[in-house]
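K.L.:
Take a look at the letters that make up each chain.
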Amino acid sequence: MSAKQQGANGAQGMGRIWLKRLGPFLPIIALAVIASLTVDGFGTTPNLIAVVQASAITGIAAIGTAAITISGKFVSLAIEQQAVTAAYVFAATVSAGQPVVLAFALAFAVAIVLGLVQGYLVSRGLNPIVTTLAFGSALFGTVVMLADNRTITLSPNPIAWLGGGTTFGVPNQAIIFIILLVLGSLFLARTRLGRQMVLTGANPKAADLIGVPTRRIIMIAFVAAALTAALVGILVVGQVSQAKSDMFRGLTIDVVAAILVGGIAIQGGEGQLWRAGFGAIVLTMLGNIMLLLGIDAGVRDLLKGLLAAAVLLSMKLLKARNP
Amino acid sequence: MLEISDLSKSYGPVHALTDVSFSVEAGKVTALLGENGAGKSTLVKILSGLVTPSAGTIRVNGAPVDLSSPERASRSGVAVVQQEISVLANLSIAENFMLTQPSGWLRRGSAAAFCKPYLERLGLGHVDPDTPVGALTIGERQLVEIARMLSQNARVLVLDEPTAALADTDIDLVHKAVLRLASEGNVVLYITHRLNELEEICDAAVVLRNGRLADAFPIKEASMARIVHAMIGRELDELYPGVPTRDQSALPAPVARLKGVATRGIASPIDLDLRPGEIVAACGQLGSGFVEPLRAIAGVSPLTAGTIEFDGHTARRVAQGDIAYCSDDRQLDGFFRDLPVWESMSAPALAQSGLWGLVSPSRLRQSVEVVADRMTILPAYRERPVHALSGGNAQKVSIGKWLSGKPRILLLEEPTRGVDVGARAEIYRLLRALAEDGLAILFASTDLDEVLGFGERVQVFHANRLVHEAPSAQLTRDQLATWITHGGIERE
Chain A
1 MSAKQQGANG AQGMGRIWLK RLGPFLPIIA LAVIASLTVD GFGTTPNLIA VVQASAITGI
61 AAIGTAAITI SGKFVSLAIE QQAVTAAYVF AATVSAGQPV VLAFALAFAV AIVLGLVQGY
121 LVSRGLNPIV TTLAFGSALF GTVVMLADNR TITLSPNPIA WLGGGTTFGV PNQAIIFIIL
181 LVLGSLFLAR TRLGRQMVLT GANPKAADLI GVPTRRIIMI AFVAAALTAA LVGILVVGQV
241 SQAKSDMFRG LTIDVVAAIL VGGIAIQGGE GQLWRAGFGA IVLTMLGNIM LLLGIDAGVR
301 DLLKGLLAAA VLLSMKLLKA RNP
Chain B
1001 MLEISDLSKS YGPVHALTDV SFSVEAGKVT ALLGENGAGK STLVKILSGL VTPSAGTIRV
1061 NGAPVDLSSP ERASRSGVAV VQQEISVLAN LSIAENFMLT QPSGWLRRGS AAAFCKPYLE
1121 RLGLGHVDPD TPVGALTIGE RQLVEIARML SQNARVLVLD EPTAALADTD IDLVHKAVLR
1181 LASEGNVVLY ITHRLNELEE ICDAAVVLRN GRLADAFPIK EASMARIVHA MIGRELDELY
1241 PGVPTRDQSA LPAPVARLKG VATRGIASPI DLDLRPGEIV AACGQLGSGF VEPLRAIAGV
1301 SPLTAGTIEF DGHTARRVAQ GDIAYCSDDR QLDGFFRDLP VWESMSAPAL AQSGLWGLVS
1361 PSRLRQSVEV VADRMTILPA YRERPVHALS GGNAQKVSIG KWLSGKPRIL LLEEPTRGVD
1421 VGARAEIYRL LRALAEDGLA ILFASTDLDE VLGFGERVQV FHANRLVHEA PSAQLTRDQL
1481 ATWITHGGIE RE
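Chains A and B, in that order, give the protein sequences. Those letters in the first sequence? Residues 1 to 323, by my numbering. Those letters in the second sequence? Residues 1001 to 1492, by my numbering.
Just so you know, not all the hints are guaranteed correct.
Computed list of lysine to aspartate or glutamate pairs in DMTMM-like fashion (alpha-carbon distance at most 25 Å, straight line) [what the hints assert, rightly or not]:
{"#": "1", "chain 1": "B", "residue 1": "K1406", "chain 2": "B", "residue 2": "D1437"}
{"#": "2", "chain 1": "A", "residue 1": "K205", "chain 2": "B", "residue 2": "E1145"}
{"#": "3", "chain 1": "B", "residue 1": "K1028", "chain 2": "B", "residue 2": "E1199"}
{"#": "4", "chain 1": "B", "residue 1": "K1259", "chain 2": "B", "residue 2": "E1200"}
{"#": "5", "chain 1": "B", "residue 1": "K1176", "chain 2": "B", "residue 2": "E1200"}
{"#": "6", "chain 1": "B", "residue 1": "K1176", "chain 2": "B", "residue 2": "D1247"}
{"#": "7", "chain 1": "A", "residue 1": "K244", "chain 2": "A", "residue 2": "D40"}
{"#": "8", "chain 1": "B", "residue 1": "K1406", "chain 2": "A", "residue 2": "D208"}
{"#": "9", "chain 1": "B", "residue 1": "K1028", "chain 2": "B", "residue 2": "D1322"}
{"#": "10", "chain 1": "A", "residue 1": "K205", "chain 2": "B", "residue 2": "D1329"}
{"#": "11", "chain 1": "B", "residue 1": "K1045", "chain 2": "B", "residue 2": "D1006"}
{"#": "12", "chain 1": "A", "residue 1": "K205", "chain 2": "B", "residue 2": "E1383"}
{"#": "13", "chain 1": "A", "residue 1": "K205", "chain 2": "B", "residue 2": "E1200"}
{"#": "14", "chain 1": "B", "residue 1": "K1028", "chain 2": "B", "residue 2": "E1145"}
{"#": "15", "chain 1": "A", "residue 1": "K205", "chain 2": "B", "residue 2": "E1221"}
{"#": "16", "chain 1": "B", "residue 1": "K1406", "chain 2": "B", "residue 2": "D1322"}
{"#": "17", "chain 1": "A", "residue 1": "K205", "chain 2": "B", "residue 2": "E1199"}
{"#": "18", "chain 1": "B", "residue 1": "K1259", "chain 2": "B", "residue 2": "E1235"}
{"#": "19", "chain 1": "B", "residue 1": "K1176", "chain 2": "B", "residue 2": "E1235"}
Coverage of chain A stretches by chain B, computed from C-beta distances (three or more under 8 Å per stretch; other residues unrestricted) [unchecked claim]:
{"#": "20", "segment": "187 to 201"}
{"#": "21", "segment": "211 to 219"}
Quick caveat, the hints were computed from the structure, so don't treat them as lab data. Note that the structure is predicted; figures quoted are calculated from it, not measured. Cβ coordinates follow ideal geometry from the N, Cα and C atoms, glycine included.
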């Protein structure tokens, strides 16, 4: 190959890489611009903040769950159950008169244990989908049984500022979400653990032979997912001042959709953590626009499903063209 | 007779094939040769109907054939046996035959009777058609696949490296079947990397280079020099870098000693010393246990008896990174095929640095440069995903990745499988240079020429036992072949 040819290819390659990097942003920017021009009430600051706020819950959980996806173990289907568990542990500890710090510590400690158990089982070769489905069901049953299916209401709510408050007009939930987005993107690119997580997902056998502790990494990924699910549980308790068993219905599916729409390869070893949070924003924005347009709930779900399918299909086609 | 005229195929600016014309006579075995990337696989894809040519025609017995889809290609009588075996292992032979029958009904009763004659033609008459394919050897599976093609009235058979993964006995089986098919008047196009197969079964050879026809000649007019020159476009002085003549006792103390080691694949305990600077070959048929010493040292096969000493100390595990091991399937566990080359090459050093802490991607990229230069991997390739590389370059990545971790022992299974002749010479040279720098190398191979040409000391395995050990200079190819197949040299 001549130097000139190589240069041309390089430029083309760079262009393609940038297109690939910016690719997911283009539809969201286009969507936002079109919507703010055509949909009444979309472009207002309060509405945009509401979109980020509404995507924060799904997005935070999705960032942690994406660690599982990237390490090659698909997703956890026990997100909502783990969020409910954390919500109950936190609310029960606070309502028993214990300090808030202890409530946080307990909720996260439980999450770490739950993550380790799932991670251990999956790292020994159990199918992640089946394992987390069964685990989530057992966990949910246990929690509902222990709580007697009661609703625990916190009054006063010591973390109302965290779940519902704002800083300089921006909801604290959204701030936490953005911070995690930034940390998440730095994590995979610039930490040893993050890079080895990508290697584990890209080829677990090769990673193993090279000496990457793949089992430990898978367990860490499950702990990360459990911790973000627990954080989500606590944040929502702060927002609504209560813990009840059906408070996160549908969260797991939203998280999986956000990961897929964000463009994280479901087979692992590819993608960045921020994409999951980004996927959550896209999905929420779409829901928000449809709501403002007065589209029915049924149609909204249908369109969301079609969007997820369209994203998957376009990724597949893009891959086929640039192998 | 298969006639290919002015065949071209380009992918955008890349010309995979340019104006290739040749003809293959019926009743003869014609070899299709070329390095990786010479256009062989594009040609095979065109013949199997997976790829449409940009220009050119393909005729069988004078009439143009329709190769626009795999179904049409097989209906036109062109059958391609792919490298990856496509018979289904959990179905029986007869069921596999029925899968490709046009009728929608599976008639189990007549299926066995239907496939029997085809199996007999290929020397598989003794095999019950109701045997699950999974119970057959790899070579027998190849033959089942060929037999299935025959049942679809194939007249043109394209065999893509059918013996690449076979043991010697299976190779004989396939060779006999191929010769028989040709003698029945079929057109046989035989793709191979094993140059010794040319003399054994081929009548003519067609050589591609850089997507063009480089040479075509009858085998009896061919010399190894002509074949290699046609393939790589230059003279190849020496495939093997030459075994240094030296006194065994002059070598440094062993870095690893196997003492009475047995694993599940080694029936009687073996001893083996690996010394810095020495290249030891382990050879045998597939399944004879010849890869076991490597796997025992690498820790992949657990020991059932004996000890391994590193630097005179018995240790269950040596320091991570001291031992570099490449399995015989680099696609499976040799690298990260969808990630850029530098990611694979920096991975061992990254893993050795532990899980915690920060790392800079640009520094990782730079860290592989010395090793990549040493392995002669061009800078342009380092940003590409490994799957875009040729077999030779991929193998350089697979071996080279370990060098970033400064290993002391290098264990290689089938170091040049699927690597073309030019890149093979380069890999041998690189490995020899690594040994000169003090690396102890142990490789396992089924390629006898490689064992004798590249190994200094040879260990021969037969039926899960170490049966012979000798310096390669004291073995002839025939002796080695006898040791491998019979576990001993018969006295006459």
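K.L.:
So, for every hint listed, does it hold in this structure?
P.N.:
Now the hints, each set against the structure:
1. Straight-line distance between C-alpha atoms of K1406 (chain B) and D1437 (chain B) comes to about 11 Å, which keeps the hinted pair within the 25 Å bound.
2. This hinted pair does not check out: K205 (chain A) and E1145 (chain B) have alpha carbons roughly 30 Å apart, beyond 25 Å.
3. With a C-alpha separation of about 13 Å, the suggested pair K1028 (chain B) and E1199 (chain B) falls inside the 25 Å cut-off, and the hint holds.
4. The straight-line distance between the Cα atoms of K1259 (chain B) and E1200 (chain B) is roughly 41 Å, outside the 25 Å bound, and the hint therefore fails.
5. Of the supplied pair hints, the one linking K1176 (chain B) and E1200 (chain B) holds, its CA atoms being roughly 10 Å apart against a limit of 25 Å.
6. As the CA atoms of K1176 (chain B) and D1247 (chain B) are separated by approximately 44 Å, the hinted pair breaks the 25 Å bound.
7. Of the pairs offered as hints, the one joining K244 (chain A) and D40 (chain A) is violated, with about 35 Å between alpha carbons and a cut-off of 25 Å exceeded.
8. Taking the CA atoms of K1406 (chain B) and D208 (chain A), the gap is about 18 Å. The hint holds against a cut of 25 Å.
9. At most 25 Å may separate the alpha-carbon atoms for a hinted pair to count; K1028 (chain B) and D1322 (chain B) exceed this at roughly 51 Å.
10. Among the hinted pairs, K205 (chain A) with D1329 (chain B) is consistent with the structure: their alpha-carbon atoms are about 11 Å apart, no more than 25 Å.
11. The suggested pairing of K1045 (chain B) with D1006 (chain B) holds, with an alpha-carbon distance near 16 Å, which does not exceed 25 Å.
12. Taking the CA atoms of K205 (chain A) and E1383 (chain B), the gap is about 22 Å. The hint holds against a cut of 25 Å.
13. Proximity of K205 (chain A) to E1200 (chain B) is assessed by CA-CA distance (about 38 Å); at most 25 Å being required, the pair is judged violated.
14. Restraint check for K1028 (chain B) and E1145 (chain B): satisfied, since their Cα atoms lie roughly 20 Å apart, inside the 25 Å limit.
15. For a cut-off of 25 Å, the pair hint linking K205 (chain A) to E1221 (chain B) is broken: about 47 Å separates their Cα positions.
16. Using a Cα cut-off of 25 Å, the hinted pair K1406 (chain B) and D1322 (chain B) holds, with the two alpha carbons roughly 7 Å apart.
17. Of the supplied pair hints, the one linking K205 (chain A) and E1199 (chain B) is violated, its CA atoms being roughly 39 Å apart against a limit of 25 Å.
18. Note on K1259 (chain B) and E1235 (chain B): the hinted pairing is violated, with a Cα-Cα distance of about 44 Å set against a maximum of 25 Å.
19. Taken as a hint, the K1176 (chain B) and E1235 (chain B) pair is broken in the structure, with Cα atoms around 33 Å apart against an allowance of 25 Å.
20. With 9 residues having a beta carbon nearer than 8 Å to a beta carbon of chain B, the segment 187 to 201 of chain A meets the requirement of three or more and the stated coverage holds.
21. Residue count for the segment 211 to 219 of chain A with a Cβ under 8 Å from a Cβ of chain B: 5. That meets the three needed, and the coverage hint holds.
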